[in-house]
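Engineer: The primary structure of each chain is shown beneath.
There are 2 protein chains.
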Amino acid sequence: MRYTAIDTPAVLIDLDKAEANLAKAQAFADAAGIALRPHIKTHKLPYFARRQVELGAVGITVQKLGEAEVMAEAGLTDILLTFNIIGAAKLSRLKALHQRITISVVADSLECIEGLAMTFTDPSRPLGVFVECDTGMGRCGVQLPDDALVLARAIAGSRGLFFAGLMTYPAAGKPKLAAEWLAQAKALLERNGIAVPAITTGGTPDIWKMKDAGVATEYRPGTYIYMDRSQVVSGAARFEDCALTVLATVVSRPTPGKAIADAGSKALTSDLLGLQGHGYVVEYPDARITGLSEEHGTIDVSACPVAPAIGEVIRIVPNHCCPVTNLFDDVHLIRNDELIETLPVAARGKVR
Amino acid sequence: MRYTAIDTPAVLIDLDKAEANLAKAQAFADAAGIALRPHIKTHKLPYFARRQVELGAVGITVQKLGEAEVMAEAGLTDILLTFNIIGAAKLSRLKALHQRITISVVADSLECIEGLAMTFTDPSRPLGVFVECDTGMGRCGVQLPDDALVLARAIAGSRGLFFAGLMTYPAAGKPKLAAEWLAQAKALLERNGIAVPAITTGGTPDIWKMKDAGVATEYRPGTYIYMDRSQVVSGAARFEDCALTVLATVVSRPTPGKAIADAGSKALTSDLLGLQGHGYVVEYPDARITGLSEEHGTIDVSACPVAPAIGEVIRIVPNHCCPVTNLFDDVHLIRNDELIETLPVAARGKVR
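Line order of the protein sequences matches chains A and B. Note that our numbering has the first sequence beginning at 1, numbered continuously upward. Note that our numbering has the second sequence beginning at 1001, numbered continuously upward.
No lab work stands behind these hints, which were simulated from the structure alone. On a predicted model such as this, the values are computed, not experimentally measured, just so you know. Note that the Cβ used here is the ideal one computed from N, Cα and C, for glycine as well. Honestly, I wouldn't trust all of these hints.
Which bits of chain A does chain B cover? Going by a derived footprint, with three or more residues having C-beta under 8 Å, they are [stated by the list, open to error]:
hint, segment
1, 79-90
2, 129-142
3, 240-253
4, 259-268
5, 292-298
6, 320-326
In silico SDA-like cross-links for lysine to any residue, where the CA-CA straight-line distance does not exceed 25 Å [unchecked claim]:
hint, chain 1, residue 1, chain 2, residue 2
7, B, 1209, B, 1035
8, B, 1258, A, 193
9, B, 1095, A, 119
10, B, 1176, B, 1122
11, A, 258, B, 1146
12, B, 1258, A, 114
13, A, 176, A, 143
14, A, 174, B, 1024
15, A, 176, A, 187
16, A, 258, B, 1274
17, B, 1024, B, 1238
18, A, 258, B, 1053
19, B, 1258, A, 272
20, B, 1095, A, 311
21, A, 95, B, 1310
22, A, 176, A, 305
23, B, 1258, A, 147
24, B, 1211, B, 1019
25, B, 1258, A, 352
26, A, 258, B, 1310
27, A, 24, A, 55
28, A, 24, A, 173
29, B, 1258, A, 88
30, A, 95, A, 75
31, B, 1176, A, 293
32, B, 1211, B, 1034
33, B, 1209, B, 1343
Make a model of the complete structure from these sequences and hints.
Structural biologist: Below, the structure is given as structure tokens:
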């Protein structure tokens, strides 16, 4: 079946493009001598997680316990969970996962470490804990290498935990800033007798500058498998590299300059990521998606030499592909414009 | 169980507040002599759809066939689907629904009417079709009363369809503009011998100005059941009326002025609706949610006399409650801070 016969709105994944993106990143990582640990938040599919490991990834990254549980169930055995695990319910689920697979987590406070230390008490099977470092992103993470030292000591001093290394999600476009921070922290820890087994960083915007990651030993890109409009604008991809598109139908042409598609914020999300407009229309590069309500996408087609007709299907490259896959129960794998397979998004909606 | 023991992030619905919002709107509609047909996109729950009908609603509104199917399965028998139905797959599902329940749809083009007319051909059980009118919103809908006349004639001239009336989603804050448009169209149609059985409008921002709806016979509010920050800013509600909150845990305090919660755009959506910031923190009214990534909410707590600690739970009134319920597989019904019941969001993710 040709993709144009799929009911809309729907997520299409071009397999050849995804495969090329995966292979290119793995080759870059191999050339840079850095391990790849892809973040599955982008695809949320065991299918691609397994493929990433087949191609050479050392394991996967997840952001939620629910994602880790889905991936463990699907046979993934080495998972880094890059989120502070707080509270009894989550600690209990983490413990159950740790009994089945190799899982590591992060911490950026003594409170977080304390919860882990009270849950994991078996020195014969300790939990690996990375110290999360804020190297410029301004989100989670310790602010100074001195703080990293305090937390590394607390981890190393807990009999059921071991210090796994340093973790950061760097500010986009500033990989060298992150690398400097991490180099200083590494030196400080080593001067204080604490070995740093691994240093893990990430981010698709700077994926092709992996060599600037300096002391980092591991890279955790997510978006790179599909790419999206924000990555095109940032220079990390071309539109022809974008493997994920949202298939939509033009359902109204209220005025000569306007088309309404059946893809709104419930299909494309409201993520702007600093961009103007809500996506790129593959068939109509001169169109601008000027507004979204939940089920409607308003498209300015006044600059298009020919405008789409009611009933016509179009493909939209979203601003940000990761949250898009979280909105759909299934995605359609496409090769040469033919539908190959429809997959449930197994780790969709894993908010906890 | 107290709500604070629910694992986060989670959606809480305060039943007393929701009930009060429902009752108030029904009383306003009764006083205005206008029928209420609530839009279920906000709650996506058969539980509340049934309650709305119990309280006096004439039926419900949906935006998607998938929503209509869920609601029909749950026993709702009178549904208005306010979206152009285009294409064979959807027309076939609409036909199946029409055989089970009373369902009406809208159209704003001859192309849309043609698809309906080819699918519905039985004059003994015709499909009701409203003409959608753009009365200022700038989304779908015919631009001029003259265009409404053309479409009403086309509907009335199709043997398996009947002209059900005029439908609009008005621009917020401009109910009188919509009312004028609709009055002109009604007069034009009647002058041309076409009776207008119903005129349906909607929108929570102007729900308490229902009397300004003029010739409208029916009102389709959605958000009013839960209310949200955008409705508070527009003046339609107070924060204490907001029945839906997102329960979140503070997972990091990277700096004295900053708290990170485990509710990001995957819990709150990126919808701004013209506002600054991403929600209102009930326990910390001086806090500002300054940024969201998928799983992190960054909160500026520098203006708070006391700031939340790591592990503390907070409730967030989102900017826009409707897409929030689309992100969660379940919601928690609360009364007097106690968990009453956890419900699956039956119509979540019905993109098609």
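Engineer: Check the structure against each numbered hint from earlier and tell me which ones fail, lowest number first.
Structural biologist: 8, 9, 10, 14, 18, 22, 26, 33
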